[in-house]
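**Student:** Residues per chain are reported as follows:
Number of protein chains: 2
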Amino acid sequence: ISQPGRLAAASPPNVIIMLMDDMGWGDLGVLGQPSKETPNLDAMAAQGMLLPNFYTANPLCSPSRAALLTGRLPVRNGFYTTNGHARNAYTPQEIVGGISQDEILLPLMLKKKGYVSKIVGKWHLGHRAQYLPLKNGFDEWFGAPNCHFGPYNNSGRPNIPVYHNSEMVGRYYEEFSINRKTGESNLTQIYLQEGLDFINQQSLAQRPFFLYWAPDATHAPVYASRRFLGKSQRGRYGDAVMELDNSVGQILSRLRTLGIENSTFVFFTSDNGAALMSGPSESGSNGPFLCGKETTYEGGMREPAIAWWPGHITAGTVNFQLSSVMDLYTTSLSLAGISPPDDRALDGLDLTPVLLNSSHVLHHRPIFYYRGNELMAVRLGQYKAHYWTWTNSLDELKKGVNFCPGQEVAGVTTHEQKEHTLQPLIFHLGRDPGEKFPISVLTKEYQDVLSRISPIVDHHKKTLVAGIPQLNMCDVAVMNWAPAGCEKLGKCLKVPTSSPWKCKWPH
Amino acid sequence: ISQPGRLAAASPPNVIIMLMDDMGWGDLGVLGQPSKETPNLDAMAAQGMLLPNFYTANPLCSPSRAALLTGRLPVRNGFYTTNGHARNAYTPQEIVGGISQDEILLPLMLKKKGYVSKIVGKWHLGHRAQYLPLKNGFDEWFGAPNCHFGPYNNSGRPNIPVYHNSEMVGRYYEEFSINRKTGESNLTQIYLQEGLDFINQQSLAQRPFFLYWAPDATHAPVYASRRFLGKSQRGRYGDAVMELDNSVGQILSRLRTLGIENSTFVFFTSDNGAALMSGPSESGSNGPFLCGKETTYEGGMREPAIAWWPGHITAGTVNFQLSSVMDLYTTSLSLAGISPPDDRALDGLDLTPVLLNSSHVLHHRPIFYYRGNELMAVRLGQYKAHYWTWTNSLDELKKGVNFCPGQEVAGVTTHEQKEHTLQPLIFHLGRDPGEKFPISVLTKEYQDVLSRISPIVDHHKKTLVAGIPQLNMCDVAVMNWAPAGCEKLGKCLKVPTSSPWKCKWPH
Ligand SMILES: [Ca+2]
Ligand SMILES: [Ca+2]
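Listed in order, the protein sequences are those of chains A and B. Just so you know, we're using this note's numbering here: the first sequence kicks off at 20 and counts up by one. Just so you know, we're using this note's numbering here: the second sequence kicks off at 20 and counts up by one.
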């Protein structure tokens with residue numbers, strides 16, 4: 020066993036990134052969920068490092084996942100839209116675009132050191148053939164390109180295909196059942212088994228591996244296996260959390276059984292804040308934070324995060340480093356001993372000094388909170404400055420779409436896009452993690468903070484080279500009508516005539 | 020070392036109750052405070068039992084403390100007012116009343132088995148001579164009868180006296196300094212030392228003891244010692260929490276050093292929810308719960324709670340038992356092998372079966388949420404029914420007194436006293452700990468729950484014998500002008516003419 024704090028230089032470690040879907044910061048027992056339903060994750064934190072200041076790059080699925088796998092802000096890697104100002108865009112079935120071929124995804128980089136890579140679960144970086152995982156460096160895939168919305172009648176809209184590597188093996192609500200009434204589905208068990216089998220195989224073959232384990236049971240419609248349904252105090256959502264927690268426990272346990280726990284770096288996090296608009300039984304908790312998914316308040320972008328690597332990361336540590344999903348790219352490359360691409364701007368930092376020496380801090384590291392094409396807010400140290408505030412439109416709110424149920428902070432949770440670029444709203448997230456008490460502009464504290472943040476924002480804006488937006492165009496013809504492999508199954512559907520339009524992003 | 024789950028029958032254990040002041044459920048690392056500033060309390064939970072469903076009996080200091088020490092609801096023990104409907108009353112300096120001589124406080128009961136009892140810190144059960152701790156069963160006291168408000172000029176209002184046993188030894192802001200500007204005070208260190216010395220002495224003398232350790236550093240004006248000031252990420256409030264956490268660690272460590280950890284039952288909790296109206300630097304966190312101190316929403320009454328007794332309570336357990344500060348009375352007596360008084364209604368239950376056998380649950384145990392003379396809400400299992408809702412008046416709100424900053428749930432956080440007795444608002448606290456989504460009255464779930472809660476409420480109301488309200492009358496003459504011991508110190512102030520009035524309780 021290596022000493023904590025020392026990198027095993029000889030052979031690079033395996034990397035497992037466990038990415039949850041719409042799970043909130045406050046959904047873990049160790050982060051205060053009152054039902055304390057995550058004993059395995061709590062134990063993982065006790066054996067590893069908890070990072071309470073870990074962020075996603077965008078408050079929704081697709082851009083967050085694109086940022087993780089490219090180490091770059093969505094505004095750079097193209098996973099955003101310019102169809103409207105500050106609009107959240109993702110990859111529904113009608114999206115034409117996907118991850119740009121100019122981006123170099125983590126599994127492709129890891130090949131340089133012989134890593135075998137598998138994604139299990141949700142992809143969400145584009146579902147057309149050219150955008151799929153095996154075109155982007157992954158060697159294996161079991162899962163789906165889009166969210167498990169449905170069921171659809173396969174005429175106006177096809178059900179989402181489930182892929183094994185490059186070919187579909189069935190569809191959600193058909194071969195892969197999700198009971199919308201009871202919430203029963205065994206998908207998490209399938210995804211668990213896929214993960215465990217991959218670990219077994221690579222361990223046996225003594226090949227370094229990258230497992231990107233991305234189950235989506237906590238994304239509405241929330242589901243769980245029969246033996247977990249009704250087990251939690253929270254209803255269906257808590258049941259899903261319990262099943263995922265159980266799966267995490269089984270994966271870590273398998274690493275120990277195989278004797279590779281000291282040579283496998285595992286990171287657990289989520290892609291965005293809890294989707295509070297999904298109501299009490301289908302959404303999680305953002306703990307003490309403001310609002311949730313789709314917003315750039317803390318509830319939308321701060322994520323649960325645990326790093327685990329026995330023998331290397333000191334057990335039971337808490338590190339307050341400001342960190343991001345994009346750091347997982349850079350950090351994984353660093354662990355593998357691979358230099359990151361030098362022909363492009365990267366937003367991820369190498370966290371290994373922080374992970375391996377818990378007293379190390381990367382100071383002056385800002386966190387950028389984007390929504391679509393707009394920089395909404397910036398965090399520096401304990402301070403967060405909002406340059407734009409917006410929940411959603413009053414029209415949407417009136418229709419019952421509420422991103423901040425039960426929360427309302429005057430002038431902060433605004434229902435119109437409100438610009439504060441000349442005089443940003445500034446909060447101290449230590450004293451005020453809930454973003455309820457803006458610091459008075461008349462104070463020295465405000466002026467001091469602003470004078471430190473402003474040059475960082477100016478520099479960021481001035482030097483930013485925005486990528487070509489990939490999420491502007493929609494077309495029913497691009498839906499999952501006839502994915503590769505559909506012939507063998509007799510599941511090809513008729514493709515309608517192409518008729519592209521500019522996608523409309525409501526928020 | 021005894022087996023966990025077995026009571027040491029031979030000699031009754033020492034009892035230490037650590038009661039914090041205005042500390043919120045969400046202020047502990049183990050309960051999700053993002054700054055994770057309570058390593059000692061987190062360790063205490065890991066070595067003992069965490070009770071996430073532990074409640075106070077009233078959402079403010081005096082009645083909560085009276086309930087703890089009598090095992091009875093304030094509406095029974097007289098610690099309430101009838102001057103207005105559903106008003107929170109306590110013991111400011113002008114209060115005439117105090118704890119009724121008909122009540123039998125815990126230390127008096129414990130004398131039956133030879134316990135020596137000490138209170139360290141805030142009393143708040145009445146400051147006139149006849150109401151003080153040594154008149155109510157305590158053998159020793161170091162602390163103050165009222166909150167540490169001030170400084171006063173000793174003409175309109177005297178500074179609060181600090182007592183050693185039956186005599187004052189100085190006053191806050193005079194001999195016992197609190198710097199309102201810097202927040203510096205060494206009071207917690209004094210209280211820690213008083214606690215440690217008492218433990219040492221009783222341990223040496225081999226006498227069973229009861230220590231009621233009630234520091235008030237987290238009650239506004241919040242204070243901390245110099246070496247803790249500026250240490251937390253949260254400002255002054257977090258500094259106070261860090262000092263209290265450090266003190267808890269020292270007390271538990273002392274028990275181990277003395278070899279009495281297996282014969283000392285320790286319980287940590289707080290007297291009411293975080294005082295959100297005190298703003299970002301002087302108030303704590305109620306985690307995911309609604310509102311705070313003064314209210315009967317979860318944020319006002321759910322408390323952090325840890326039971327610790329190595330060798331008896333299984334380490335690292337979480338028990339969801341609905342439990343209450345009033346249970347500490349009954350449980351302490353049970354541990355000491357003393358029968359509780361049989362001539363009066365007790366609201367506390369004996370938690371020893373739950374504590375010693377973590378799988379044991381006391382089913383069907385309701386929690387009553389009172390505000391003054393009104394039963395505002397009842398919890399049964401996961402369900403909570405609100406019969407009355409009120410934050411505070413619109414007038415107070417307009418003056419900036421906000422019990423729910425940043426939170427607003429239509430029809431729930433009402434600014435007038437709103438009656439729902441015919442059709443209570445019902446929440447499922449598992450799915451919806453934040454009380455944001457009332458269950459529709461049209462559902463079977465609502466009707467089922469109501470049919471189970473209604474008979475419990477009816478029975479409670481029918482059989483309740485309300486005590487004589489002790490907190491109705493005020494008088495400047497009763498203030499701390501000339502407490503016992505003031506002569507020796509030359510600190511007696513002139514007592515003004517008595518002129519009693521009915522106290523006005525604004526909320
Ligand atoms: Ca998501
Ligand atoms: Ca209090």
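It is worth saying that the hints were derived from the structure and are not from the lab. Hints may be right or wrong, so weigh each one.
Identical chains share a label here; the pair holds if one copy fits it or two copies do between them.
List time: in silico SDA-like cross-link candidates among lysine to any residue, alpha-carbon distance up to 20 angstroms [to be verified]:
{"no.": "1", "residue 1": "154", "residue 2": "66"}
{"no.": "2", "residue 1": "132", "residue 2": "62"}
{"no.": "3", "residue 1": "480", "residue 2": "456"}
{"no.": "4", "residue 1": "131", "residue 2": "335"}
{"no.": "5", "residue 1": "250", "residue 2": "272"}
{"no.": "6", "residue 1": "513", "residue 2": "436"}
{"no.": "7", "residue 1": "55", "residue 2": "215"}
{"no.": "8", "residue 1": "463", "residue 2": "115"}
{"no.": "9", "residue 1": "481", "residue 2": "470"}
{"no.": "10", "residue 1": "418", "residue 2": "436"}
{"no.": "11", "residue 1": "250", "residue 2": "449"}
{"no.": "12", "residue 1": "418", "residue 2": "444"}
{"no.": "13", "residue 1": "250", "residue 2": "201"}
{"no.": "14", "residue 1": "417", "residue 2": "455"}
{"no.": "15", "residue 1": "132", "residue 2": "358"}
{"no.": "16", "residue 1": "154", "residue 2": "480"}
**Student:** When the structure is checked against the list of hints, which entries are broken? Sort them ascending.
**Tutor:** Of the numbered hints, 1, 2, 3, 4, 5, 6, 7, 8, 12, 16 do not hold.
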